[in-house]
Structures are given as C-alpha cells and as structure tokens.
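Take the two lone chains and join them into the complex the hints point to.
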Amino acid sequence: MFVEANPERCCGAGMCALAAPEVFGQDEEAGTVLVLASPPDVEHWEAVQDAVQLCPSGAIRIVMSRVDEQPI
Amino acid sequence: MTSTVPIPQGIPLQRVQPFDPPTDLTALRDERPVSRMIYPDGHEGWLVTGYDAARAVLADVRFSSRRELIRSPISLDVPPQRLEPAPPGAMIVTDPPEHTRYRRLLMGQFTVRRMNQLTPRIQQITDDHLAAMRKEGPPADLVRSFALPIPSLVICELLGVPYETRDEFQRESAVLFDLHIKAEQRQAAATKLERFLQDLVEHKRAEPGDDLLGGLVTGSDLTDEELTNIGLLLLIAGHETTANMLALGTFALLQHPEQMAALRSEPELAVNAVEELLRYLSIIHIGPMRAATEDVEIEGELIRAGESVTVSVPGANWDSARFPEPEQLDITRRATGHLSFGHGVHQCLGQQLARVEMRIAYPALLREFPTLGLAVPAREVPLRTDMAIYGVHRLPVTW
Ligand code: SF4
Chain G
1 MFVEANPERC CGAGMCALAA PEVFGQDEEA GTVLVLASPP DVEHWEAVQD
51 AVQLCPSGAI RIVMSRVDEQ PI
Chain C
1 MTSTVPIPQG IPLQRVQPFD PPTDLTALRD ERPVSRMIYP DGHEGWLVTG
51 YDAARAVLAD VRFSSRRELI RSPISLDVPP QRLEPAPPGA MIVTDPPEHT
101 RYRRLLMGQF TVRRMNQLTP RIQQITDDHL AAMRKEGPPA DLVRSFALPI
151 PSLVICELLG VPYETRDEFQ RESAVLFDLH IKAEQRQAAA TKLERFLQDL
201 VEHKRAEPGD DLLGGLVTGS DLTDEELTNI GLLLLIAGHE TTANMLALGT
251 FALLQHPEQM AALRSEPELA VNAVEELLRY LSIIHIGPMR AATEDVEIEG
301 ELIRAGESVT VSVPGANWDS ARFPEPEQLD ITRRATGHLS FGHGVHQCLG
351 QQLARVEMRI AYPALLREFP TLGLAVPARE VPLRTDMAIY GVHRLPVTW
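Just so you know, the sequences run in chain order G and C. Using the working numbering, the letters of the first sequence map in sequence onto residues 1 to 72. Using the working numbering, the letters of the second sequence map in sequence onto residues 1 to 399.
The following block holds chain C by itself, in its conformation from the complex (with noise of 0.2 Å):
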C-alpha cells in the first residue's frame, strides 16, 4: 500500500486544538485505520485509530493484556528491560482466567443498581462542593473545588480509605500519571502508593467496617497482596478518570456555549450528554495496549504472534464511519457505542459510577452557577498533554 501519511515513531500526542485529537492521528486513521507504528524501543508494531478495528482487537482475547508482553507506545524513563508480569491482583494488566477472578469478586458491586443507589449521597457531596465553591470565590480553580474532590471523596467512602489521607496518595497517584518524571522518582511514588495500600489492608483485618474492602478482606480469600494491588487500582482508577472528565467536560461545555445552555435548561439531557462528552473528548489518549498472541487478521493487516498493538480511543471515537460530523459536540446524538470505558472482558468496572457521578455533577454546577464563565483566556488553560490520562491541570472560573 502507498500511503502518503508516514509510519508513526510512538503514539502521536500534539494536539492542536484542546479538544480535537492530534491531527497526526486522525489523518492516519482516514488513510490506514490499522497501520504500523514504530515503537520507542524499536519495535514495529501497530497502532489502531479506527472504530470496527478498535473494537475488534479489544474484544478479541487473542490480544493479551499481560504487562510483561505489552510495549510502551510512548517514551517514558524506564529502564529498557521489559516490564515484570502482574503482581497478585493487578487485574488490569492479567488475562483470563486469573483476571475473571478477580473480576467475578468486584463485579457485583458496581452494578446499575448499586451505583444508582448512591445517588442521594454523591448529590450531597455536590451540594457540599459547590456551596464551599462558591463561599471561596469568585475566582476558583474548578479541578480543586470541584472537579478532583467530588470522585475523590466518592471512592474514599466506596473503598473505605480514608478521606483525610487523600493528599497523600493524590500527590503519588500524580507522580505515577507523569509522562515526563524520572525512573527513580516513580518507583518511589509506586513504593509509598503501595505501602499506604498495605497499611489500610492491615487496619481492615483488624476493623473490616462495611465498605468495599472490609468486604473483600471478611468475604473472600484474597491475600494482602492481592488486596493491596485491588485497592490501588480502584483508588487511583476511581480519581484520575472522573475528576478529568469533570474539569475537561465543563471546559468543553464553556467553549460550546450552545450545548451548555441547552444542558442548563434541560438537566434530562445529562444522561445523554455524559455519553457524547465521554465520546467526544477520549481523555484516554494512549491505549488501552495489547500483545498479540498468535497471528491475527484485522481489516486485511496482519498482526504477527508476539506484535504489540495500541488502540487510540480518540481516534475511534472520532471515526466519522461510527459518528458522523464526530468533530461537533451535540450532546443529544446517540454516543452511546464510544469505546472511552474501553470494550472487551477490561471494560471499566467503576463505568456506572462514573456515570452516575457526572449525571449529578455536571448539570448541579451549571444550576448553581449561572453565570459560570472562564477567568483566564482559553488558551491559558494548562492542558494536560504531559500526563498519562488527558484533561485540564487548572480551571480558573468566575461567576
């Protein structure tokens, strides 16, 4: 095949617009929606930008998750052996069977139900944040008051951590997330996130309480290893995802005045606009990655045993061939379908609690504040292009 857009050397993550993926990716995905990558340790592998391709590799389970398979599409300061298999209970990065064990043991609570039943408590804690918001301010930074401690002080209590020790684990699970930081500083992150997890498992053996871990620690038999690699990926999962989704959401809502007026005068479009921002802004923007296990075909390219593959969610969810006109925010199309929770037996477990979250939040902030607006030019927003899971570093706002 000819193509005239080059082969990639590692992911491309240079966006032009804060909201619009690198056009570096999309132009790649119209010209070849599985293409070859060139991977920062050299290894030719492959990235898919397409929607049907995404979701074919993902759903596929010839295309293991295991990390000690899985090549890094980006540059990061590790040491260039490959990286060691899972520890106990780090699920995300395990294949069946070990993952649907561990699986099975949370998947009954973050059902539909459960999630929903939480409600009244998550709009209180809105209420509580935007009343506080509103007492410091104008002006206020929106990640701070708003955005990170409501889905941080939700999962605290579904975890049974803590709240008061959040600083401490937020400024680690921070340091994890940075594409720039060095070898020794992340492994020491990693180190104190792991020891607070172990900490927390010692004192649930002693007090289990009636939370999500007392639970796992009094109704199963999983080790304090393993209960220590489960807490921190639901902790950490719990904060970094929805607290971005908040702040970026509403930064997405500010420049699109149009739909932001339309959400405030009809909170029912929540339900529905949560899904088109999820699809619409992708903060998942490098991977989720696999490793094929045996040679695959997909859309006429073949993925050879052994071959690393990362999917671009941005790039699937601005496939026009599955959403038209995918550049227009419309929170009333039919987003359901974008792959930002992922597909396949990974697909995000704390999904519906995320959702539940961002239904109360989003048009609670735009109830309160009517006359919510950017304190600083849109340009002066910090993007974070430097971080592991996209979003906003600040949002300065007035009213």
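Same shape as in the complex, but just chain G (with noise of 0.2 Å):
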C-alpha cells in the first residue's frame, strides 16, 4: 500500500500526524500534510487507515499501486 496527500486540500487540522506520526507530518512553515513514508511500514497500516478517515477534508488517500496514482 502507498500513501498520496494533496496539500491544497489540506486544512491543516493535523490528525493525520496525530494518528499516523510515522507515516505523515506537517510542514514546519505552511502546515500543511507531508508524506514521511510511502510505502509505510506494515506495522502502521491500521494507523494509516485511522488517519484516512479521520482527515477532515479528505487531503490524503491509500493507493493499492503506484499506478493508481492520480491527483486527489
């Protein structure tokens, strides 16, 4: 599994650091989501999934392959 985030949509709110602190943090400056990881580790799948959903705005999403890859 592979992480895509899109920064633009992105409001900031920080769950996904707060939920997954491996696999995605924020931008020192503009805060916005950054991905430390992709592919992440196994052992943070379910924490993954649980930053998924827990994102208000829906910046960040898990593709199967990197083929999936399209803009969010």
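Since the hints were made in silico from the structure, they are not lab data. These numbers were taken from a predicted model, which means no experiment stands behind them. Each residue gets a CB set at the ideal place from its N, CA and C atoms; glycine is no exception. Hints may be right or wrong, so weigh each one.
Among chain C residues calculated to face chain G with C-beta under 8 Å, some are [said to hold, decoys possible]:
| id | residue |
| --- | --- |
| 1 | Ala59 |
| 2 | Met107 |
| 3 | Val112 |
Far from chain G, by Cβ distances over 12 Å, these chain C residues were calculated [claimed, not checked]:
| id | residue |
| --- | --- |
| 4 | Glu31 |
| 5 | Ile38 |
| 6 | Leu58 |
| 7 | Ala90 |
| 8 | Gln109 |
| 9 | Ser173 |
Derived CB-CB ranges, DEER-like [what the hints assert, rightly or not]:
| id | chain 1 | residue 1 | chain 2 | residue 2 | range |
| --- | --- | --- | --- | --- | --- |
| 10 | C | Glu294 | G | Leu36 | 36 to 42 Å |
| 11 | G | Val63 | C | Thr385 | 33 to 39 Å |
| 12 | G | Val35 | C | Glu225 | 34 to 40 Å |
| 13 | G | Arg61 | C | Gln17 | 36 to 42 Å |
| 14 | G | Val35 | C | Asp60 | 35 to 41 Å |
| 15 | C | Pro96 | G | Met1 | 41 to 47 Å |
| 16 | C | Arg144 | G | Trp45 | 42 to 48 Å |
| 17 | G | Met1 | C | Glu294 | 32 to 38 Å |
Structure representation (structure tokens):
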C-alpha cells in the first residue's frame, strides 16, 4: 500500500500527524500535510487507515500501487 | 414516513442528566437521524443527529457556512432580518476560497509539533495555578482557579494579548455566549470586544513582538479589520472551549470515581481519556450550522437548496452505531473520530492546542489533589444550559 496527500486540500487539522506520526508530518511553515513514508511499514497500516478516516478534508488517501496514482 | 417522535421546534436543549444529551435529541436520532426541524423564524429546515449523516454534511462543500445564508436553531433576541455577511477575517462563517486564504495563514502556527513544544510552559502554568488553588482553599471554585485561567493564560501568551486585560474581554465574551441576553447588550459587548482587538492590533503595528498576532502583522498583508476579526475569533475560541471542557470533564470524572481512579493511577491514559471526555461531553451543543447551496440527498432525505441544516454534536457523539454503549464514560475506549472539533475544512484549528492543555491539566489536577471531591451535592452544580457552549458555571470542590 502507498499513501498520497494533496496539500492543496489540506486544512492543517493535524489528525494525520496525530494518528500516524511515522507516516504523516506537517510542513513547518505552511502546516500542510507531508508524506514521510510511502509505502508505509506494515505495522503502520492500521494507523494510516485511521488517519485517512479522520482527515476532515479528504486530503490523504491510500492507493494500492503507484499505477493508481491520480490527483486527489 | 410515520414517525412517533414529533418534529422539533428549534434544537432540543433540555437535559435530564447533566452529561447526557437531551432525551428528545437522542429519541429523534434513533428514529430519524436526518430530521425536519422548525426553526424559530418559522423556516422548515433540518436537524442532523446521526453520526454518519453529520460527517457527510460537514465534509460536503455544498453546505455553506456563510452567515447570511444560515438561520439560528435557537430563539435569540435578535432583530428579525437575516444576518449580515461576515466581516473580513471572520473565517468561521465563510466558505472557500475566502476561508482557505485565512486558514492557510494560520495553519502553520497550530501544527501538532508546535503545540507539543508548548508542553513545558503549559505544565508550569498548570502547576502554578494548582499551587495557588491549594493556598486559597479548600473549598475552591474549580472554574475560577483552574479551568478558566489555564487556557486563558496560554492563549493570551500565544496570541500576544496582555493577560492583565483578561477580565475585560472575558466579561464581554460571556455576554456574547449568553443565549438569553438582550440584543442591545449583545451588540454592545461585540462592539467593546472589537474595539479591544482593534487597540491591540494598533499596538502590534507599532511593536509586533514574536507572538502570533505580531507575526501576522509583519508577515502577512492582512488589513487591520481582518486582523481584528481573526484575533477575536482565536481569543474567544481559545478560552470558552477548553475552559468548559476542563471544568465539565472534572465534574464528569468526579461522578465516575472508577474512571477517575484509573486516570489517577495511570496518567498515560490521559491521551485517550481526553478523546473520550470530548466525545462524552460534547460541549458544542448547538451546531455547527450550514445551509444547502444545492439540492443534496443525505441518507434518503432530500435537503433542498436554501434550507438550513443544524448538526448536533451530542447526537452524533452518542450514536451507538459508531460508539457502542455511548452512555458509558470509558476512558479506555477508542473514542477518536468523535465530532467534538467538527469535521470538514472548518474543523477546529486549535484542536491540537486544546489536546495538549487537557492532557496536561487533568492528570496534574488528579495528582496534586488525591482527595478531590465536590463541595456541594452534584445537583447543585449550576449547568450552562443557558449558554452557547455547554459546561458548568461554577464547580465548588474540596480536598
Ligand atoms: S488530517 Fe487531513 S487536513 Fe489534517 S493535516 Fe492531515 S491531511 Fe491535512
């Protein structure tokens, strides 16, 4: 599994960085989402799913392969 | 649909138990989670009490936050005409792209990491207030000694508002949140608060300082009017919310001694306990409010363009489809996903600050006061059913 983020959509609520800190961070200046690890380690998959579910603005998502990649 | 639960006239606020949502509200949710509601001005709009439906509405940009489109679900003493459009900077009642522009200017200031960096200072402020409370009591009013001053001092320092001036704006903001206040008094309080912030912005223009407002003054092209309204929003939001959570949360823990004992003996539970208290207490008991800009179907109900929608956070957070046995306060349950900070692009900007404050303050209070108890019978604790944000007016405690 891979993760994608769209900083344009992000509203900086930080739920992703809270739920899956190994996989998502926040830009120091802008406060928008950063992907720290894609693909994430298997042990963080559940946390990634939580983060996607919690994100209020639909700015992060899981894709199964790089081929699926399309703008969010 | 034949429904045994009548269509509500305004949002139900009458509580039987201090922590339970109004029974009219939960009965409605179990029957019709997206229900018609008659607004006080006669408008036939909607009340959303189910968890999934609430999330769907809040995440959907077809539901507008613009003040001039929205109706109040409670009867306020305001002139009958519709509300004015938001003044520049009042981002909470705007939509993208105006909202996005303001939000982007602030987002970097409220990241998880930045808020965590405030931990030592918040710890110190908490310790100081607990020491002062011990000196003065017992008994003490936990609201005045602990729940209000801690978030107040933190937000003042963060924004760069002189703490000595707190009485002035706390008094006026209490008027704004009073549901029974007369229109002229509300207007007068709003004007005073605005002037207070205008003076502050003027002062920051002269001497910016390295606080948040100072940073906005030097690092953005915001006008004075925008800065005033943004400052006002952050100042009020930083007070009223966390303060009420700390006081009502302590009351809830005192009424659930086994939960309180668990948190006292295992302070690491605080991270989860905070989420559960946020879910269980839902101090935002009126709204968020939205207005449909197009026809939208939510769970089989057709909401027409122009109709107002009020979301009930207590309803959603006590939806057993999402949180089993919602009436149980259980600080070990998975409570994340609650809607207490909202959902969608308006989700609370200051939520990571509120979390850090609560994660520090609750365990510190329990540690410092191992014999903490109510100083009055529980039924005599005055509840804020008359305020826009729920909580307790006072919490007399002893030890
Ligand atoms: S949870 Fe979503 S909106 Fe919040 S910071 Fe992460 S990506 Fe952005």
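Here is what the structure says about each hint:
1. Ala59: This interface hint holds because 7 Å falls under the 8 Å limit.
2. Met107: holds, 3 Å
3. Val112: Nearest chain G Cβ about 4 Å off; hint holds.
4. Glu31: holds, 27 Å
5. Ile38: holds, 30 Å
6. Leu58: violated, 8 Å
7. Ala90: With a cut-off of 12 Å, C:Ala90 remains clear of chain G, as the shortest Cβ separation is near 17 Å.
8. Gln109: violated, 7 Å
9. Ser173: holds, 24 Å
10. C:Glu294 to G:Leu36: 36 to 42 Å: holds, 38 Å
11. G:Val63 to C:Thr385: 33 to 39 Å: Taking Cβ atoms as reference, G:Val63 and C:Thr385 lie about 48 Å apart, which means the hint is violated.
12. G:Val35 to C:Glu225: 34 to 40 Å: holds, 38 Å
13. G:Arg61 to C:Gln17: 36 to 42 Å: Once the Cβ atoms are compared, 41 Å apart, the range 36 to 42 Å for C:Gln17 and G:Arg61 holds.
14. G:Val35 to C:Asp60: 35 to 41 Å: Given range 35 to 41 Å: violated, Cβ gap about 26 Å.
15. C:Pro96 to G:Met1: 41 to 47 Å: With a Cβ separation near 30 Å, C:Pro96 and G:Met1 fall outside 41 to 47 Å, so the hint is violated.
16. C:Arg144 to G:Trp45: 42 to 48 Å: holds, 47 Å
17. G:Met1 to C:Glu294: 32 to 38 Å: holds, 35 Å
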